[in-house]
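> One-letter residues, chain by chain:
2 protein chains.
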Amino acid sequence: MNVGPYKFSEFKELAVKFHGYAAPGLLIGGYMTVAAKAALPDGVLFEALVETYNCLPDAVQLLTPCSTGNKRLHVVHYGKTALSLFDKYSGRGVRARVDPGLLGPRPEIRAWIMKEKGKEEQDEALLEQQIAEAGTTIIALQPVTVDLSRLNRKSDGPLAFCPRCGESFPAAHGGLCRGCAEGAPYSVPS
Amino acid sequence: MNVGPYKFSEFKELAVKFHGYAAPGLLIGGYMTVAAKAALPDGVLFEALVETYNCLPDAVQLLTPCSTGNKRLHVVHYGKTALSLFDKYSGRGVRARVDPGLLGPRPEIRAWIMKEKGKEEQDEALLEQQIAEAGTTIIALQPVTVDLSRLNRKSDGPLAFCPRCGESFPAAHGGLCRGCAEGAPYSVPS
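Going down the list, the protein sequences come from chains S and Z. Just so you know, we're using my numbering here: the first sequence kicks off at 506 and counts up by one. Just so you know, we're using my numbering here: the second sequence kicks off at 506 and counts up by one.
Note that these hints are calculated values from the structure, not bench results. The hints are all genuine.
If several chains are the same, the list does not tell them apart, and a pair holds so long as it fits within one copy or across any two.
No farther apart than 27 Å at their CA atoms in a straight line, the calculated lysine-lysine pairs in the BS3-like style are these: (1) Lys542 x Lys593; (2) Lys622 x Lys576; (3) Lys620 x Lys517; (4) Lys576 x Lys542; (5) Lys542 x Lys522; (6) Lys517 x Lys576; (7) Lys624 x Lys517; (8) Lys593 x Lys624; (9) Lys620 x Lys593; (10) Lys512 x Lys522; (11) Lys522 x Lys620.
Let the sequences and hints guide you as you build the complete structure.
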């Protein structure tokens, strides 16, 4: 089954180029994205909320205008193979996830999604074939309303200089930049 | 000045396609990424740590193999125009930021980076011209070591079914999935 405007093989190529390899989660995430998008009203300006950092965010970035750097892609670290696309202004939209009840006779997808096999036991060619054949038919959709106040959308506002590091930062963050206040995850080697 | 392998005009086209428009932050972020990459040893497998969600993450995604969905791109919400590229295994790398002291006679970049003007007062053509002319010369680099233990890199591990929503989630997260435990930022309309 095509992945939106792309043939399966074309989407795989895009995946390799952007993500490093055509990971199963990216291929399934492609169908999830396509299914959710098709369920939105035509022409709606939408954003995305993805419930895992694994692969799915890249499917959204390849198939929609939502990206990490334009802040239309939001990720929460729930470890769930699920994503929502929603109207930027009303929050109303659609959540897509793989429903195990829809898998039917596709044991390789089931084993992958439920992590029943280690990577070395996986039959990757068969898994890919089952994903391509299943397409959007294994995706369950449900209407959702996203609470827009909980997303990172605010402008940073006016800047100040941090008295500790001397660099500029959003004044609204407080007296010090967050790197100095919290301790940044990097250090300057002495 | 070229942006890595791309002519400035080509990089602008990529930016429009991926990000929606050729934002100044994405163009400057392109030079920051290129400068940091050039300072890494040849052939090192690297990841990225970006200190703002504004634009810069997309520059990294366009110019390196690091993406949100392959978890080689990490973002902290510091609101700082800075990014680091670092060795995936040792954490050693390079931090790039725009140093106001290097701007010289480029008032439009200074006004943009310090947010001295509203968007409507900005001379976008002049800003873009100054960015293209300045290239990497306005980027300050410093060696850093990233604390790898503070990055999101762990596998999710074995799954469990959430007794509340019935969906699968990483068992290590606790008795309930995080969506149910914390209250997900979406709701199913009644």
